[in-house]
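As given, the protein sequences belong to chains A and B, one line each in that order.
Residue numbering for the first sequence is 94 to 546, as defined by the numbering used here.
Residue numbering for the second sequence is 94 to 546, as defined by the numbering used here.
Hints are not guaranteed to be accurate.
Any copy, or any two copies together, can satisfy a pair, since identical chains are not distinguished.
Taking lysine-lysine pairs in the DSS-like style, the calculated list, with each CA pair at most 25 Å apart, reads [as the list claims (entries may be wrong)]:
| hint | residue 1 | residue 2 |
| --- | --- | --- |
| 1 | Lys543 | Lys113 |
| 2 | Lys439 | Lys536 |
| 3 | Lys113 | Lys536 |
| 4 | Lys536 | Lys198 |
These aren't lab readings, by the way, just hints derived from the structure by calculation.
Letter by letter, the chains look like this.
Protein chains: 2
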Amino acid sequence: MVVGGDAAGMSAASQARRMKGPDDLEIIAFERGHFSSFSACGIPYWVGGDVSDRDQLIARSPEEHRERGIDLRMRTEVTELDVAGGRVRSRDLESGAEAWTSYDKLVIATGARPVRPPLPGIDAPGVHGVQTLDDGQALIDTLNRTEGRRAVVIGAGYIGVEMAEALINRGYEVTVVNRGREPMSTLDPDMGRLVHDAMEGLGITMVNDAEVTKILTGEEGRVRAVVTQDTEYPADVVVLGIGVRPETALAEAAGLPLGEHGGLLTDLAMRVRGHENIWAGGDCVEVLDLVSGRERHIALGTHANKHGQVIGSNVGGGYATFPGVVGTAVSKVCALEIARTGLREKDAHRAGLRFETVTIESTSRAGYYPNAAPMTVKMLAELRTGRLLGVQIVGREGAGKRVDIAAVALTTGMTVEQMTALDLGYAPPFSPVWDPILVAARKAVTAVRKTTH
Amino acid sequence: MVVGGDAAGMSAASQARRMKGPDDLEIIAFERGHFSSFSACGIPYWVGGDVSDRDQLIARSPEEHRERGIDLRMRTEVTELDVAGGRVRSRDLESGAEAWTSYDKLVIATGARPVRPPLPGIDAPGVHGVQTLDDGQALIDTLNRTEGRRAVVIGAGYIGVEMAEALINRGYEVTVVNRGREPMSTLDPDMGRLVHDAMEGLGITMVNDAEVTKILTGEEGRVRAVVTQDTEYPADVVVLGIGVRPETALAEAAGLPLGEHGGLLTDLAMRVRGHENIWAGGDCVEVLDLVSGRERHIALGTHANKHGQVIGSNVGGGYATFPGVVGTAVSKVCALEIARTGLREKDAHRAGLRFETVTIESTSRAGYYPNAAPMTVKMLAELRTGRLLGVQIVGREGAGKRVDIAAVALTTGMTVEQMTALDLGYAPPFSPVWDPILVAARKAVTAVRKTTH
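Just chain A, same shape as in the assembly:
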């Protein structure tokens, strides 16, 4: 039995079905929404017009799942987990009918819910989240019928900056209101500043250190402005991109173990700790950060799919594990590419690590090659061991996915000295003769060596 019909849940169901046919394994999945297996990460590009059709974001429809022998019950919300009794209570959201259903094995994939602070006016028409396809459609409908061209995005993380791009692409005047010191708090502030400057260069008004206190409404109760501690920003539409939290109310009520970030805690096979027949994956769990050795909460489709794969294999009688993450993420705002992996300075401090940081400027291609675009790479390396701890990249075309080099190096515990010898792809259209990652590694080697420790 699967609770939640999106990436993690339906990947688990599909993988379990691949391993065992309908005669050996019955699979029931509950989904409270209208859609299954959709790409939430794609919503900004649908809103922005890069993706023309909602259905392109749906990897597999409920009908397709059913054809594969999965009893997927849409618009059916699970309202209680009875772990001791091995059953769940669900409600059909159309009819209101409730029922208890028994399980032998349970997969919890309830996802995440967007942070929605209890601000005056936050529920006004014209204020939109972008978590679900329904959210995306509602926002697009608002954009299509709004005459004003002023948009305010609250939050400057991945969703915030991607929505800023989407709104710019639709011709809006965009203001991004951000509580942090710089946008992209998943980067160190010095790298976030580069994002700030580049976004301003795109004509986006960036406001940092801003606490939103309320949302003002005007005629017909529609949103009119976003008010912060300092001033107010006129708005014809407001998009919330404040982040998400694990959706674990059901699990918590059932007494399942939650971590410090509110996510379910699992073992390496994605089994909920202490529960032999319950698995959990996707945005509702915490994952092990392989660099810091601590749990984190990261809502990202690529992890959810991997979790589902692992859970499905185990539920289906096979064996698979999810060893953990290194915290890789990549995003873009128009031509600006933003990437990170591993620890930021504050993560490393928190983990008790001592380290050096270096920052270098290079280009994505050989300097003499057309469209060689500048990129900045920041690298953290541990003192004494010289182990790579993290990389942050801000640049243009070809910059972002270079973070994968560092992601593999982090996974395998490479030192920056070892990284300087990496045999990376070189040709003038692809890289300078020293790839920017190698340039940063060389500088990091020198920095670690110079430090007395």
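Take the given structure of chain A and dock chain B to it, following the hints.
Frame of chain A, contents of chain B only:
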């Protein structure tokens, strides 16, 4: 004393100078050509017009080296190494004057020479190599004054395909005549076939299994056609891209150790084996392939720069090593990107390895994202251990540099099973939710598992 003033030699000289000032270390470098520290890899893009000016390909001029305290003697050819006597004989190519000069430490960086088969007509006007800046200038001069628009490229390796692009960009009708079964013999033939088809799609005539027997000349002795065992191809200009061999005649005459590919053999500190005070690096040495455990010859600027860095550190009294390569290479022909790392099937056989191969089709971005471009990934994994052995990629924008993920995985000896859990950067503009490398790794896991061994 440095013999050869290009990437490896001048990197060594520069790094040694950084470590020791002119009072502690005298540095003399001999270069027989007109240029120092230039990017041979950039020549196709200069010929094709992407790079407008030859000087952009020069990383550092002789004057700049001299300002940094390196006595760089241009147009001076070393004609003999007297290893027992610790001296070299050189000839000033302008004056013809010869001299012996003593050294305490010697760096051999004599590079590679292009293969130039002794075919009738190969020295005719209109037949060009593209090894040096002088070669590039001569070819550009020929192109500028040739009225005919038919070009034949002999050889379909990196230089051949890059030159095909350059000539297409200049409006030529291009024929690539290739001795092998498919172009890009650094790939397996099934992947080379994809390159073949894509190049034909660009309007390039691709001829495989073709042995050039002679080059015909016409009026004023200029090239007129390239003749193979089967037919003849009219040509107003011919470019040779047949590959290079280590330039080790001097070293061989001096009794220094050469490997089976004709390159100098060094230890991990890039010291010539058995010679305490002689180092060698760049295109004239063989390098250890970390996957097969055997020596290879790879002429590539990025290795030459690393060698120079290591040699300069050691000569300057420090300590550095070059652990070896995994054989990463990336190239492009117009929008087609071609990359490889590790072993091809025949390399793996030769190394005594048993393995499975898988090939997958994916896209560089999420399928629904604009310009999601198809890419093909082939992966080799060892039986029993499941260790990654090699990856080959043919695709469009964003395909090529993904090979770096595999390069790091190879360097650290990852298994394909471990690779399936890699935390690679995901967002719709950058990758499908399963990066193509992960898709290939998953398929490779299944293939290795299924095999009885």
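Quick rundown of the hints versus the structure:
When the C-alpha separation of Lys543 and Lys113 is checked against a cutoff of 25 Å, the pair qualifies only between copies, where the shortest distance is 17 Å, while the shortest distance within a copy is 58 Å. In the homo-oligomer, the alpha carbons of Lys439 and Lys536 lie at most 25 Å apart inside one protomer (21 Å), although the nearest pairing across protomers, at 38 Å, exceeds that limit. In this homomeric assembly, Lys113 and Lys536 come within 25 Å of each other (Cα to Cα) only across copies, at 19 Å, whereas the closest approach inside a single copy is 52 Å. Within a single copy, Lys536 and Lys198 get their C-alpha atoms no closer than 51 Å, and across copies no closer than 27 Å, so neither meets the 25 Å cut-off.
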